[in-house]
Every structure is written in structure tokens, then in C-alpha cells.
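Novice: Input sequences plus hints: build the corresponding full structure.
Order-wise, the sequence lines are chains A and B. Counting with the numbering used here, you get residues 1 to 469 for the letters of the first sequence. Counting with the numbering used here, you get residues 470 to 532 for the letters of the second sequence.
Hints may contain errors.
As the list claims (entries may be wrong) - Computed cross-link-like contacts, SDA-like style, restricted to lysine to any residue with a CA-CA straight-line distance of at most 25 angstroms:
no.	chain 1	residue 1	chain 2	residue 2
1	A	Lys-69	A	Cys-47
2	B	Lys-500	A	Thr-135
3	B	Lys-504	A	Asp-130
4	B	Lys-471	B	Pro-490
5	A	Lys-454	A	Ala-275
6	A	Lys-398	A	Pro-77
7	B	Lys-500	A	Ala-112
8	A	Lys-293	A	Pro-391
9	A	Lys-293	A	Leu-437
10	A	Lys-131	B	Arg-513
11	A	Lys-255	B	Ser-521
12	B	Lys-504	B	Trp-476
13	A	Lys-131	B	Cys-479
14	A	Lys-131	B	Thr-529
15	A	Lys-397	B	Glu-510
16	A	Lys-131	B	Asp-477
17	A	Lys-131	B	Lys-504
18	A	Lys-131	A	Phe-317
19	A	Lys-398	B	Val-473
20	B	Lys-471	A	Arg-85
21	A	Lys-397	B	Asp-477
22	A	Lys-397	A	Leu-298
23	B	Lys-500	A	Glu-81
24	A	Lys-131	B	Ser-521
25	A	Lys-398	B	Asn-526
26	A	Lys-69	A	His-206
27	B	Lys-500	A	Lys-454
28	B	Lys-500	A	Glu-119
29	B	Lys-500	A	Leu-419
30	B	Lys-500	A	Ser-258
31	B	Lys-471	A	Pro-391
32	B	Lys-500	A	Glu-243
33	A	Lys-398	B	Val-503
34	A	Lys-237	A	Gly-226
35	A	Lys-131	B	Gly-487
36	A	Lys-237	A	Phe-188
37	A	Lys-131	A	Asn-118
38	A	Lys-293	A	Ile-157
Honestly, the hints are just simulated from the structure, not real lab data.
So you can see what is in the structure, the chains are spelled out below.
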Amino acid sequence: MSLQTNGAVKKVPEKARTPKKPQGRLPGVASGAYPLVGHGIEFATNCLPLLWRAYEEHGELATLKVFNKNIVLFTGPEAQEAMYRQPDEILSPNEAYEIMVPVFGKDVVYDAPPERMNEQMAMLRPALQDKRMRTYGEIVALETRRALSEWGAEGEIDLVEFCAALTNYTSTHCLIGREFRERMSDEFSKVYYDLERGITPASYIHANLPLPSMIRRDRARERLMGMIGEIVDERTKSGTQGEDFLQTLMDARYKDGSALSRHEITGMLLAAMFAGHHTSSVTVAWALIELVKHPDYLDRVLAELDSVYPEGTDVTFQSLRQIPLTEYAVKEALRLHSPLWILMRAVVSTFEYGGYTFEPGTWIANSPWVSHRLPGVFTNPMAFDPDRFGPGREEDKKQFTFVSFGGGRHKCLGNAFALLQVKTIFAILLRGFSFELLHNPIIPESGLVMGPKKPFRVRYKRLRPNGAF
Amino acid sequence: MKIVIDWDLCQGHANCTGDAPEVFFVDDDGKLHVKIPEPEESMRDMVELAASYCPTNAITIEG
Chain A
1 MSLQTNGAVK
11 KVPEKARTPK
21 KPQGRLPGVA
31 SGAYPLVGHG
41 IEFATNCLPL
51 LWRAYEEHGE
61 LATLKVFNKN
71 IVLFTGPEAQ
81 EAMYRQPDEI
91 LSPNEAYEIM
101 VPVFGKDVVY
111 DAPPERMNEQ
121 MAMLRPALQD
131 KRMRTYGEIV
141 ALETRRALSE
151 WGAEGEIDLV
161 EFCAALTNYT
171 STHCLIGREF
181 RERMSDEFSK
191 VYYDLERGIT
201 PASYIHANLP
211 LPSMIRRDRA
221 RERLMGMIGE
231 IVDERTKSGT
241 QGEDFLQTLM
251 DARYKDGSAL
261 SRHEITGMLL
271 AAMFAGHHTS
281 SVTVAWALIE
291 LVKHPDYLDR
301 VLAELDSVYP
311 EGTDVTFQSL
321 RQIPLTEYAV
331 KEALRLHSPL
341 WILMRAVVST
351 FEYGGYTFEP
361 GTWIANSPWV
371 SHRLPGVFTN
381 PMAFDPDRFG
391 PGREEDKKQF
401 TFVSFGGGRH
411 KCLGNAFALL
421 QVKTIFAILL
431 RGFSFELLHN
441 PIIPESGLVM
451 GPKKPFRVRY
461 KRLRPNGAF
Chain B
470 MKIVIDWDLC
480 QGHANCTGDA
490 PEVFFVDDDG
500 KLHVKIPEPE
510 ESMRDMVELA
520 ASYCPTNAIT
530 IEG
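Specialist: Laid out in C-alpha cells, this is it:
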């Protein structure tokens with residue numbers, strides 16, 4: 001597959017812009033569609049080459065046929081803006097998130113009626129707002145130091161597993177709270193793993209099938225609701241208040257005065273965990289891999305960290321803003337290896353763009369993976385070049401070009417938290433240890449979230465004793 | 470200096486209220502209120518800080 005052959009963003013040919021198209025006619029269909037299944041099999045098993053081919057063949061607007069569904073890919077800043085700016089009444093994310101209903105729960109967030117969903121989203125918001133955000137950095141730093149305290153002078157780890165475990169601790173501690181975190185056992189990891197594995201490409205066909213993975217998923221959710229319920233009971237009985245998101249949800253009230261049920265509390269915590277855990281985990285892994293592969297840039301990051309954090313200095317909300325080179329590296333890893341490689345919306349009322357009329361039932365999608373490789377938008381897009389985000393270049397400055405977090409009113413609510421978390425981890429990790437990659441080539445594993453394929457061994461060497469980084 | 474908000478983008482993260490509390494306020498429903506739409510020049514630094522750290526890039530400064 002050639003990824004570097006393209007010129008500037010391809011526009012819809014003039015002919016296609018004339019408005020007299022018969023209603024419902026779709027943009028060009030990508031090659032390689034089979035009868036009945038269309039691109040279904042390639043979409044489920046090896047999607048990235050398909051997405052790139054669709055763009056190369058048809059440019060800004062291209063159609064994929066996935067079983068009986070038409071998915072129109074919107075690519076390039078103009079098309080992306082048109083997609084992300086639409087209100088829910090025209091393009092809705094709800095249908096696209098239907099596969100998550102068995103995990104989040106019936107009537108929770110995307111499955112709730114719009115009014116109810118808005119009320120629930122308003123309850124989620126405080127967890128990620130400024131006030132609470134300023135306390136999360138400390139928790140992430142604490143968890144990172146704790147995880148690293150077990151490392152010796154040198155050794156080997158599986159990077160993907162390490163990142164997943166670390167971000168599991170950070171997100172549970174920040175969201176569900178300290179008591180839960182302290183009690184986290186192997187059982188929690190297993191339950192969470194079963195939940196994650198319960199969402200598969202088969203979920204796109206139907207969310208509830210008599211598959212072992214789906215049966216385990218449903219059992220896992222029941223158990224997790226029990227575990228969270230225990231904490232809720234204890235807090236209610238003893239009158240203690242947590243400084244966490246669980247407490248926010250326990251205290252939240254609907255406009256009619258009613259409190260959230262345990263089913264709803266569990267679902268909303270899971271929504272936040274699912275959105276933030278795996279995505280942050282693979283971002284740490286990708287960014288570390290890229291930094292180790294680019295020692296010149298890594299040296300500049302290390303010099304920056306050494307000057308902002310002389311031995312033993314705490315990582316604070318303010319200091320995390322003084323490490324731009326570290327931030328650019330994280331963003332560059334997100335650009336090249338966007339954990340979410342496709343974002344979808346369902347057309348719910350007719351909408352026009354580029355001379356086409358899109359009818360309800362059609363899906364509109366944007367692939368950050370493709371969009372981040374457009375040469376007209378990013379200079380030398382295949383290169384790892386964090387300086388592209390720096391002063392004078394600011395290639396992400398134009399809205400709707402850097403879309404790892406999506407865009408518009410449904411842009412990831414955890415955007416700021418994610419950057420804060422990953423920067424905190426690096427501020428500590430890179431001062432404490434140096435790394436060597438033991439795997440080459442690095443293969444991306446396609447799933448709902450795209451991370452490096454396991455196993456991915458790295459060798460570490462300690463630079464400073466515990467307490468000195 | 471004039472503050473322009475892209476209302477399609479603002480999600481009520483309230484980061485701006487931490488950086489420039491005199492200028493921005495987010496109510497309990499997550500709705501942003503710009504208390505001073507045309508702040509004094511002396512406030513430029515903090516307004517620029519708020520704009521640059523807005524997670525949705527919803528704040529632009531004109532002039």
C-alpha cells in the first residue's frame with residue numbers, strides 16, 4: 001500500500017458539485033466491494049488499507065459498503081468541518097455507539113432519550129472540568145511512581161501490558177476513587193477484561209448474540225455493579241465523602257429530584273473508563289516507541305524535563321504547561337497513531353454536502369488515520385516531527401485538522417485529561433528510566449482502539465533511584 | 470481586544486474559568502458566560518492563556 005503518493009487534498013470533481021443529482025445518489029464507491037458483504041470483511045479485519053484506498057480513489061467523499069450499510073467517508077478539513085459541526089438532529093452519534101449499550105447499560109448515556117442523555121452528560125461534566133482536573137495530576141503522578149517503584153536496576157517489560165495496567169490504576173483512582181483503587185484485585189482486572197472483550201466486530205452485526213464472549217461480558221457487568229454498589233453502601237452508611245467522580249454521581253440529581261440508580265452509576269463510570277482507559281494506554285505506548293526511535297528529539301525532551309523538574313520536584317498542573325516539547329511529542333504520537341481510527345455519525349435527517357444529498361440510514365465517517373496523513377494539511381505527513389506543533393508552524397491550529405479527539409459538540413470530553421495524564425506519566429517515566437525497543441517492525445493491532453500488537457517487549461535501565469524522579 | 474466564542478464547539482469544560490476567572494464563567498448547566506466580552510489590554514495574558522488551553526479551541530481573540 002502506498003501512503004505517500006498523494007498531492008494536496010483531493011476535491012470533489014466539478015461535475016459532482018452540480019446540484020441536479022437524483023436524491024440518494026452516493027459518492028464514488030471504493031474498489032474491492034463484493035456482492036452482499038460489500039467491503040464488510042476487509043472493514044472488520046484490515047480496515048486501514050481500505051480507508052486509504054477509498055480516499056486515493058475518490059478524494060474528499062468516498063463510499064464504503066459494509067454489509068447492508070452505506071458509510072460515506074469525509075476527508076479533508078472542509079469535509080471534516082461539515083461533518084463535525086452538524087447538530088444531533090442531522091448527524092447523530094447515538095446509533096454509532098449502540099454497540100456499547102450492553103456495557104454502559106440500557107437507558108444510560110447514548111441509549112437514553114435525548115433529554116435524559118443531556119442530563120446525564122451534565123452530571124459527567126464536573127468530573128472533567130477545571131476544578132477537579134487540577135487535582136488529577138497528583139493522582140496520576142502518585143500511581144506512576146507506585147508502579148515504577150517495583151522496577152529494578154534493569155529489566156524487561158511488555159510495554160502494552162504495563163501501559164494498560166498503569167492507566168487502569170490512574171483512571172480507577174481518579175474516577176471511582178481511592179477506596180476502590182486500594183481494593184483493586186485481580187478480580188477487577190478480569191472483570192474489566194471480560195467487558196472489553198465483549199465488544200467485538202460481531203457487535204456491529206448485533207450487540208446481543210449467544211456468544212461466550214458476550215455472556216461473559218454480561219456477567220462481568222453484573223459483578224462490577226456489585227463491586228461499585230459495595231462502596232456506595234459503605235459511603236452512605238458511614239457518611240464519608242470521596243473526592244472523586246463516583247461521589248459526584250452519588251450526589252447528582254435529575255431535574256425531577258431523583259438520584260441515579262446503581263445501574264446508571266455503574267454505566268456512567270464505565271462510559272468514562274471505556275472512553276479514557278484504553279485510548280490513553282496506547283497513547284503512552286506509541287509516544288514512548290516514537291521517542292525511543294527518535295533519540296535526537298528525545299534528548300530535547302529530557303533536557304526540558306530536567307530543567308522543569310530538578311530532582312524530586314512534584315509534577316503540578318502549572319508545571320505540566322511548561323513542557324511544550326513533551327506535549328508536542330504526545331500530540332505527534334496521537335497524529336500518527338490515532339487510537340480511534342474511525343469516527344461515525346448516523347444521518348437522521350437529510351443533509352447536503354459537496355453536491356450530494358445524504359438520506360437517513362446512511363452513515364457518515366471520518367478517519368483520523370487518513371486525515372492525519374494528508375500532505376496538503378501536514379508537512380511531510382509520514383514523518384515523526386513534533387516540531388510541526390511548535391511556534392511558527394502550528395499545523396494543528398486550523399480547526400478540524402487534528403481530529404484524534406473528534407470535533408464539534410461531541411469532541412472527546414476527556415481531551416484535556418488525556419493530555420494531562422500522558423504528560424504526567426512521561427515527566428516521571430523518562431526521568432527515571434531509559435528504554436530500548438526489542439521489537440521491530442512494530443505492528444498496529446486493529447480493534448476498536450489501535451495499539452501496538454502484543455507482545456511488545458522493551459528493556460529498561462534505571463537512571464535514578466526511587467524518590468529522585 | 471474582543472473575545473469571540475465558537476458556540477458549536479464550547480462544551481463547558483470551564484478551563485478558561487481557571488485561567489481567567491474575571492472574564493469567563495460556566496454555570497451549573499455547563500453554559501459559558503463571557504462576563505467581559507471586550508477586556509482591557511492588561512488582561513491579555515490571561516485571556517490568551519485561556520484561549521490556548523481551551524480543549525475545544527472555542528475561544529478566539531480579535532484585535
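Novice: Run every hint past the structure and note whether it holds.
Specialist: Each hint tested on the structure:
1. A:Lys-69 <-> A:Cys-47: 16 angstroms, holds
2. B:Lys-500 <-> A:Thr-135: 23 angstroms, holds
3. B:Lys-504 <-> A:Asp-130: 18 angstroms, holds
4. B:Lys-471 <-> B:Pro-490: Since the Cα atoms of Lys-471 of chain B and Pro-490 of chain B sit roughly 16 angstroms apart, the hinted pair holds (cutoff 25 angstroms).
5. A:Lys-454 <-> A:Ala-275: OK: Lys-454 of chain A and Ala-275 of chain A at ~21 angstroms, within 25 angstroms.
6. A:Lys-398 <-> A:Pro-77: 8 angstroms, holds
7. B:Lys-500 <-> A:Ala-112: 22 angstroms, holds
8. A:Lys-293 <-> A:Pro-391: 24 angstroms, holds
9. A:Lys-293 <-> A:Leu-437: 8 angstroms, holds
10. A:Lys-131 <-> B:Arg-513: 22 angstroms, holds
11. A:Lys-255 <-> B:Ser-521: 34 angstroms, violated
12. B:Lys-504 <-> B:Trp-476: 15 angstroms, holds
13. A:Lys-131 <-> B:Cys-479: 17 angstroms, holds
14. A:Lys-131 <-> B:Thr-529: With Cα atoms ~23 angstroms apart, Lys-131 of chain A and Thr-529 of chain B stay inside 25 angstroms; holds.
15. A:Lys-397 <-> B:Glu-510: Since the Cα atoms of Lys-397 of chain A and Glu-510 of chain B sit roughly 24 angstroms apart, the hinted pair holds (cutoff 25 angstroms).
16. A:Lys-131 <-> B:Asp-477: 23 angstroms, holds
17. A:Lys-131 <-> B:Lys-504: 19 angstroms, holds
18. A:Lys-131 <-> A:Phe-317: 11 angstroms, holds
19. A:Lys-398 <-> B:Val-473: OK: Lys-398 of chain A and Val-473 of chain B at ~16 angstroms, within 25 angstroms.
20. B:Lys-471 <-> A:Arg-85: Judged against 25 angstroms, a Cα distance of about 23 angstroms means the pair holds.
21. A:Lys-397 <-> B:Asp-477: 17 angstroms, holds
22. A:Lys-397 <-> A:Leu-298: 24 angstroms, holds
23. B:Lys-500 <-> A:Glu-81: 23 angstroms, holds
24. A:Lys-131 <-> B:Ser-521: 18 angstroms, holds
25. A:Lys-398 <-> B:Asn-526: Given pair Lys-398 of chain A, Asn-526 of chain B holds - Cα atoms ~10 angstroms apart, limit 25 angstroms.
26. A:Lys-69 <-> A:His-206: 14 angstroms, holds
27. B:Lys-500 <-> A:Lys-454: 43 angstroms, violated
28. B:Lys-500 <-> A:Glu-119: Between Lys-500 of chain B and Glu-119 of chain A the Cα gap is close to 13 angstroms, so the pair holds against 25 angstroms.
29. B:Lys-500 <-> A:Leu-419: 23 angstroms, holds
30. B:Lys-500 <-> A:Ser-258: With Cα atoms ~22 angstroms apart, Lys-500 of chain B and Ser-258 of chain A stay inside 25 angstroms; holds.
31. B:Lys-471 <-> A:Pro-391: Given pair Lys-471 of chain B, Pro-391 of chain A holds - Cα atoms ~23 angstroms apart, limit 25 angstroms.
32. B:Lys-500 <-> A:Glu-243: It holds: about 24 angstroms lies between the C-alpha atoms, which stays within 25 angstroms.
33. A:Lys-398 <-> B:Val-503: Holds, at roughly 23 angstroms.
34. A:Lys-237 <-> A:Gly-226: 16 angstroms, holds
35. A:Lys-131 <-> B:Gly-487: 8 angstroms, holds
36. A:Lys-237 <-> A:Phe-188: Holds, because 24 angstroms separates the two Cα atoms, which is no more than 25 angstroms.
37. A:Lys-131 <-> A:Asn-118: 21 angstroms, holds
38. A:Lys-293 <-> A:Ile-157: 17 angstroms, holds
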